[in-house]
Amino acid sequence: MSAPSAHPAGAPTTGGNETRQATLTVRNASIAYGPKNPVIVNNVSFDVNQGEAFILIGRSGCGKSTLLRALAGFQELRSGQILLDGKNVTTPGPDRMMVFQNFDQLLPWRTAVQNVEFAIKKAGSKGAASVRQRALDALQMVHLSAAADKFPSQLSGGMQQRVAIARALAVRPRIVLMDEPFGALDAMTRASLQAEVLRLHKEMNMTLVFVTHSIEEAVYLGDRIGLMTPQGAFDGIFPNAFQGQVDSPEGTEFASELRTRLEASAV
Amino acid sequence: MNKPIQKTAVRLTVVAVVVLAWELVPRIAQISPIVLPPFSSAVAVLWERALDGSLWQSLLASLSLLVRGVGLGILIAIVMTAGCFIIPGGREVLQTLVGLFNPLPAIAILPLALLWFGFSERSMILVIVFSVVWAMSLNAYTGFSTIRPVLVDVGRNLGLRGPRLIASIYFSAALPHLLSGLRIGWAFAWRTAVAAELVYGAAGGQGGIGWQIYLDRSEFNTGGVFAGLLTIVLVGLVVEYGILNTIEMRTVKKWGMVN
Ligand SMILES: Nc1ncnc2c1ncn2[C@@H]1O[C@H](COP(=O)(O)OP(=O)(O)OP(=O)(O)O)[C@@H](O)[C@H]1O
Ligand SMILES: [Mg+2]
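Protein sequence lines correspond, in order, to chains Y and C.
So the first sequence is numbered by the working numbering: it starts at 1 and just counts up by one.
So the second sequence is numbered by the working numbering: it starts at 1001 and just counts up by one.
The hints are simulated quantities; they were obtained by calculation from the structure and are not laboratory data.
You can trust all of the hints, since none of them are fake.
Distance ranges between label pairs, derived from CB positions:
#1 Gly-157/Y / Gly-1162/C: 27 to 37 Å
#2 Arg-1161/C / Pro-38/Y: 27 to 37 Å
#3 Gly-157/Y / Gly-1071/C: 32 to 42 Å
#4 Arg-27/Y / Val-1152/C: 25 to 35 Å
#5 Val-1152/C / Asn-205/Y: 28 to 38 Å
Straight-line alpha carbon distances no greater than 30 Å define the calculated BS3-like cross-link-like pairs of lysine-lysine that follow:
#6 Lys-1253/C / Lys-150/Y
#7 Lys-1253/C / Lys-121/Y
#8 Lys-150/Y / Lys-1003/C
#9 Lys-150/Y / Lys-1254/C
#10 Lys-1254/C / Lys-121/Y
#11 Lys-122/Y / Lys-1254/C
We put the beta carbon where it would ideally sit given N, CA and C, even for glycine.
Chain Y extracted, bound-state conformation (with noise of 0.2 Å):
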């Protein structure tokens, strides 16, 4: 078995583009839950640059939510730095928006179109056409235009991500943060959520840190992707070739790799 070739965690991974500033910087960051608690996320780091899907898989309570929220500036860190086209994260912005895994994360008192139109206003993005406009283009994008006026208890799980997605578009962030966005649904439904993200992902060239534990996840959407430990270190970040292909026989064989290496730090 030939071990997919890991870049150090940290070292440049984008090979001739080191000179480019990345989107995302995230140096030897540690994360721990209250100052007496041991750290969750240990001393991990790694570059997003524009335009690419960064997947961060681990098992579960590795602590790979707790990282993505670090980047959404929900949660301090003990050490280190997260820096945004340079600049230091301190506190939640529009600049970052997250999709969450719970369906119930739209806004129940206002319809598709009004959460939509309700994230334009509020992160005060600027835009040419009337944010309903706006707001009616990102629906579109995610094929939801006919449930527009529908509430989210009207709505199912998978569209209301489908929602929840356009609703992070619509603001124009430089990063989508996506923590298991596709968790919670059934096998059809998160194939054809996979293939849209993808899609928008290539379409619009949208810088995203996708968070799953599912490996054929991983390799069908990342270009490149940051394996963790259960102790939340970093066991080496891994361009993927085989994106939108993990059902070629390449692709399979590179996730199955990925998961020898992935079950192998758990012990």
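We have chain Y; now place chain C with the ligands onto it with these hints.
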């Protein structure tokens, strides 16, 4: 037959039986109308007062006090609760205040209000505000503290903090609780308003429903007393089913926030 229709049928039957008993028992048992006049004579008095306008006058007097008191009470409760959520340590302050004052029947502070403001509208409004404010704060507090954390995250993600976060996320998310606070608070307030007039007479300006009952009692006009009681119940039904239920149907129920 479906459920809501069955329920309505049962309710109407109960009302009909109560009315029928009220009409028949005084007649059959030949009870003096000073003790218990039949339903129809209470309705007759009500009708008469509706025609000569005195019913509307006292109703208006009571409701105007009620609306101002409840409105002010809600405002104070929401501002106070929101403030306590923004200021660090504010939640404990609020909990303590509610714990201290919620058990106190609002009517019990009427003597105090009379000492401060005399027999004036202000005394009545103070008492009504007091009757609303704690129930409303308690419910607003529950609503604010049981908000789904992810909705707060969504608001913060968009850069909302402090008062803006409260106004655009907490307030709507807590609406089911705010409405039940309103339900409880208004009922307290209505009883308190009537009771205050009953015990202390008209406090300034015109008398309301309670004052009318007070007068009828002193004139041994039992039919009038019953007409007053009927009015109180009818106002209760209109507010409860006409207004509050409609608000619920058009908001939290429509949005699927409550079943
Ligand atoms: N608010 C919190 N306070 C204290 N500990 C927490 C908190 N949230 C998470 N943890 C702990 O931090 C660790 C990492 O949690 P985290 O949610 O980041 O894991 P995860 O990798 O996202 O797991 P999953 O795949 O199950 O979502 C866990 O041990 C968890 O118990
Ligand atoms: Mg998680």
